[in-house]
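These protein sequences, in sequence, are chains A and L. Counted from 1, the first sequence has number 339 at position 339 by my numbering; the numbering is strictly sequential. Counted from 1, the second sequence has number 1046 at position 46 by my numbering; the numbering is strictly sequential.
Source of the hints: derived by calculation from the structure; they are not laboratory data. On a predicted model such as this, the values are computed, not experimentally measured, just so you know. There may be inaccurate statements among the hints.
Among chain L residues calculated to face chain A with C-beta under 8 Å, some are [claimed, not checked]: (1) T1013; (2) G1014; (3) M1020; (4) R1022; (5) V1029; (6) G1043; (7) F1052; (8) A1062; (9) M1072.
Ideal Cβ positions, reconstructed from N, Cα and C, are used throughout, including at glycine.
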Amino acid sequence: MKFVEEYRDPVAARQFAEAISHTVTRPWTLMEICGGQTHSIVKYGIDELLPKEVTLVHGPGCPVCVTPLELIDKALQIAAQPGVIFCSFGDMLRVPGSSRDLFSVKAAGGDVRIVYSPTDAVRVAAQNPDKPVVFFAVGFETTAPANAMSVFQAKQMGLKNYSILVSHVLVPPAMEVILGSPDNHVQGFLAAGHVCTVMGFEEYEPLAKKFKVPIVVTGFEPLDLLQGIYMCVSQLEQGRFEVENQYARAVRRAGNRPAQELVAKVFRVVPRKWRGIGEIPQSGLGLTPEYAQFDAETRFGVSEYTAQEDPECISGLVMQGAKKPQDCTAYGKRCTPDHPLGAPMVSSEGACAAYYRYRRLREPEPADAGSQRRG
Amino acid sequence: MCLAVPGKILSITGEDFARMARVSFGGIVKEVSLAYVPEAEVGHYVLVHVGFAISVVDEAEAMRTFEILKQMGELEELEPKVGEA
């Protein structure tokens, strides 16, 4: 496929890896934000092409992984109600709630449907006017325009039976939490290419300046990632801390303005809880008053519900780059993709699932390898 | 979840938020909303996420990665090899 295959060329990948080796003179720790990037890095063994001085740690950019337990429980409560049609992206169905997951609700007779796009859920609502249809609106900035459009369309169509359970999170506030932590050892970031396709990258410039970290907007194919790493370590070696754009074929500085406009009409910035991390102020999206009638939490009376996460799962530390998946005592033993304890083992973009799929048959890395290097 | 895949626009119907395209992903054709890429035309490649095109691929920028690789290769040839002085 054009704009895919050519970015997987192994000869070119080695050339970038060599350029990185020639550039690096001392240890550096970089974090890739997006779970899609984590998946590519582990799948293609990008980290194994790098010189030993460069450590990649995996960021919190997997929306499935950071959706808090209580929101999963709310989804389960709503989906189990008689008559409700609950629509979701497929990867949310196996995320464990406090006592079960959406698949088990479906197995028990609940009408839980996997959709490809939120607009499919709007279509289901139009076809079933006598039934409440709820869409589980999970995602980062990349998915917000699609989810916003579903609500906008439902309002225009006068659909009274459509609502969304919102679990939208934003990347920059999470980066600020990671960078502001006294334990932080991340010295450079690969920013999430598709988040920036929608939002642009102007909002990363104050972060780069405040924390003196290079931030390189990076794509998802092997050559994108290697070029992004090369640009990031080049900045570090030169003592620069700028926002640069590796993924210019998709990302413009200002992002996608029509998408931003509809997102701003339907959603507003609110505090959000992140699974394993806790509440981060101004880190998520909720519906604006104009669209509040489409909020499933108020419609189904689950707004006040809270839940405590399993203290044994170290997913929060994994998603902040402080631990690697194999540092967890449950990894690969009590916690596997078939029986996940925490969300990073569920989604294919979760760091734990990516390691389990591509790395578990190899020699284990030394425990705590990722957190010993500090800048 | 933020997966977006590039595909080529084959045909376009509708206007504004209802503007839709048939997009080919290496031969697999899907209906895609062009609501957020009003500049997209037939023949353009668009990046598609959950049924929505979120960007038109800039083909000139897409070549830059390979231009940089070419330049690096040329620089390497100019550099003296170990043992040469």
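So which of those numbered hints doesn't the model satisfy? 1, 2, 3, 4, 5, 6
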